[in-house]
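Chains as they are written, first to last, in the working numbering: chain A, 1 to 335; chain B, 1 to 249.
No lab work stands behind these hints: they were computed from the structure. Think of the CB as a built atom: it goes at the ideal place given N, C-alpha and C, for glycine as much as any other residue. Be aware that a few hints might be false.
[As the list claims (entries may be wrong)] Over the 10 angstroms line for every Cβ pair with chain B, so calculated as not near, a few chain A residues:
id	residue
1	S194
2	R200
3	E234
[Claimed, not checked] Which residues of chain B face chain A? A few of them, derived with a C-beta cut under 10 angstroms, are:
id	residue
4	D146
5	P153
6	N154
7	T169
8	K171
9	E173
10	L204
11	P206
12	H207
13	F210
14	R224
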Amino acid sequence: MPPRNEEVRTALEMVPINIIRNIIDERDISFTSRKSSELIERLLQDGWTDEQFEELKHRLAKIELERQPYSRYVSELNHISSGLDDIPEHERVEQVLLNEESDFDDDNKLVEPGFEISEANGDVVKGIHWTESINYSLTPRNEIKKQQTLYETGFEINFENDAVFVDCTRTAKASGLLSKFDSLGIETTSVGHSEFSNLRANDLVQEFVDDLNERLVEKHSQRTVGVDDPLVLEIDLVNLLLDEANLKDVKIGGRTDIMENDEVRRFRDEHDSRIVRLEGEFLLDGKWYSFKSGYTDSMGQVSVEKKGKVEERPDLVQEAFDFLFESYEDYFVDI
Amino acid sequence: MARDLQFEVQYLLSLTLVVFGLLSADAISRSINNWIGLSVVLLLAVYFSLFNILYSFEQSTSIEIDFIRKMNQYARPVLLVLSAIFAYFVAHTIAAVVLDIHLIAGIFTSSKQQIIIKYVVPFAPIGVITMVINLFLVGPIKKYEDITTKVIPNSIRVFQSQSGTQPLTIKIENDGEETIPWELSIETPEDVSLNADATRDGELEPHRAFRETFELSHSAETRRSDVLKVNIDFEDASRQEEVELRLEF
Chain A
1 MPPRNEEVRT ALEMVPINII RNIIDERDIS FTSRKSSELI ERLLQDGWTD EQFEELKHRL
61 AKIELERQPY SRYVSELNHI SSGLDDIPEH ERVEQVLLNE ESDFDDDNKL VEPGFEISEA
121 NGDVVKGIHW TESINYSLTP RNEIKKQQTL YETGFEINFE NDAVFVDCTR TAKASGLLSK
181 FDSLGIETTS VGHSEFSNLR ANDLVQEFVD DLNERLVEKH SQRTVGVDDP LVLEIDLVNL
241 LLDEANLKDV KIGGRTDIME NDEVRRFRDE HDSRIVRLEG EFLLDGKWYS FKSGYTDSMG
301 QVSVEKKGKV EERPDLVQEA FDFLFESYED YFVDI
Chain B
1 MARDLQFEVQ YLLSLTLVVF GLLSADAISR SINNWIGLSV VLLLAVYFSL FNILYSFEQS
61 TSIEIDFIRK MNQYARPVLL VLSAIFAYFV AHTIAAVVLD IHLIAGIFTS SKQQIIIKYV
121 VPFAPIGVIT MVINLFLVGP IKKYEDITTK VIPNSIRVFQ SQSGTQPLTI KIENDGEETI
181 PWELSIETPE DVSLNADATR DGELEPHRAF RETFELSHSA ETRRSDVLKV NIDFEDASRQ
241 EEVELRLEF
């Protein structure tokens, strides 16, 4: 049974116009228009089989993956205390997590919250932590309504660089998972500069920026010869925490690179403050990415988002994240 | 350290008063060497003129002029020399007056001994004072100069539940080169409780900081104001901060 036109249309509407043009090219249709609605209309006329629709959905997943910010909470793996000392670390972690495996019933409803492991080898253990929470919220009629939400929190325990990554957007969920790990014997230590003096913390941030810039310039000059000192890194938001009676935090946003801006310098040097988050953009392999890097109380937070047109290559975002993380690791994690 | 102009003026005036007082008392000025007293007066004059210029510039304009800044730098050593000479002068006066007492003058008859007592012995108290200052004051001050302690904020409205109350943040920061052991204790007034241990201790490596947030709540029957005390103890120094609490409902 071929898919319904409406289904295909909704899926196509989520696809950016340059990819729609690609699909048209791939189907050898000669049709051009500047309106995506016309392009979609033409594609729908071409007819879709089930198989083609499945492939389209697959592509859409890749596109969404590339468009989404790749955002992770970071913690440092400290110690695994599970009593079984004679087997390798990753097997110990696996065992501990499988003791608390999640369980679903036939209708795909969560029966038992817990862990699901998707990959486990000497370098990494990856998986999902399934939880369900019940919330009560106030409706517009001023009645209390019960709400049940299923959360899937992705995690990655990386033994290569002793890092624990948590993939979710809620700080509370991430710290909840870390304390769950802690209770299971997978101990983590805090990431960031909360235990450093403000002076040293700001130095570390400056060193991070310099290091990242240097590596980007080096990468850039491998591709293009002749341009000295190109613009490859731009910080356009600086978030500071102040240890002062009157001021608590300051967020300075910029239209250009503001790391050297007078106001940023003034807050950094003349107030008792430390930089806890940076946001900006960087140029890697000819593509711009926007990024965030910093830390909340004890967890690091790193995020990368690809800018510009979609290329159906979600691996680029991951590469950019890894590139950024290499500098992040040196100045926020292993200090 | 910021200059406290009012204190400086009071200090200089009292110096002047003592010097002129001693010089004008007949019984004293007869036995002392007036030149020492006069050199104190002379230095006082120099310092007063420096002070005068600096003060008037500071009051009249907020522009920082390089020359003024330099003068400001020189004013401090002049003040140090001035107080040293003053101390010498006072010690010299005491020695001279004591020597003038007939009974004691009878013991030290040779002029050599008299010169030693009048001019060399007065250096001793200055040396002792400098040593004491160096040992007990400058050492610890140097050591703790790079330690910052902060208790934020300085007044808190405390409610019966922790959620409505602003947290109390305590920070100890070590930007020096030595590892510093510290002890922290928080004295809460009656009916006020903290969410965590009120005493902590630890060691701070160079460039490390201790930051902790405490949640307050109270169980008082009436609305009132009170004071919370935070004591931070180091090996040979301590700091105390107070936070004003207003217990509310």
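The hints, checked one at a time:
With a least beta-carbon separation of about 6 angstroms from chain B, A:S194 fails to lie farther than 10 angstroms from that chain, contradicting its non-interface assignment. For A:R200, the shortest C-beta to C-beta distance to chain B comes to about 4 angstroms, within the 10 angstroms cut-off, and the non-interface label is violated. Listed as outside the interface, A:E234 is consistent with that label: its C-beta sits roughly 29 angstroms from the nearest C-beta of chain B, beyond the 10 angstroms cut-off. Hint status for B:D146 relative to chain A: holds, with the closest Cβ pair at about 9 angstroms, below 10 angstroms.
Interface restraint check: B:P153 against chain A, minimum CB-CB distance 5 angstroms, threshold 10 angstroms, status holds. The interface hint given for B:N154 holds, since its Cβ lies 6 angstroms from the closest Cβ of chain A, which is under the 10 angstroms cut-off. Hint status for B:T169: holds, given a least beta-carbon distance of 7 angstroms to chain A, under 10 angstroms. For the restraint placing B:K171 at the interface with chain A, the shortest Cβ-Cβ distance is roughly 5 angstroms, inside the 10 angstroms limit, so the hint holds.
For B:E173, the interface hint holds, since its Cβ comes within 10 angstroms of a Cβ in chain A; the closest pair sits about 4 angstroms apart. The interface hint given for B:L204 is met, as the beta carbon of that residue sits about 9 angstroms from the closest beta carbon of chain A, less than 10 angstroms. Look at B:P206: its Cβ gets to within about 8 angstroms of chain A, closer than 10 angstroms, so that hint holds up. For B:H207, the interface hint holds, the least distance from its beta-carbon to any beta-carbon of chain A being 4 angstroms, beneath 10 angstroms.
Because the smallest distance between the Cβ of B:F210 and any Cβ of chain A comes to about 8 angstroms, under 10 angstroms, the interface hint for this residue holds. This hint is violated: B:R224 has a C-beta 23 angstroms from the nearest C-beta of chain A, more than the 10 angstroms allowed.
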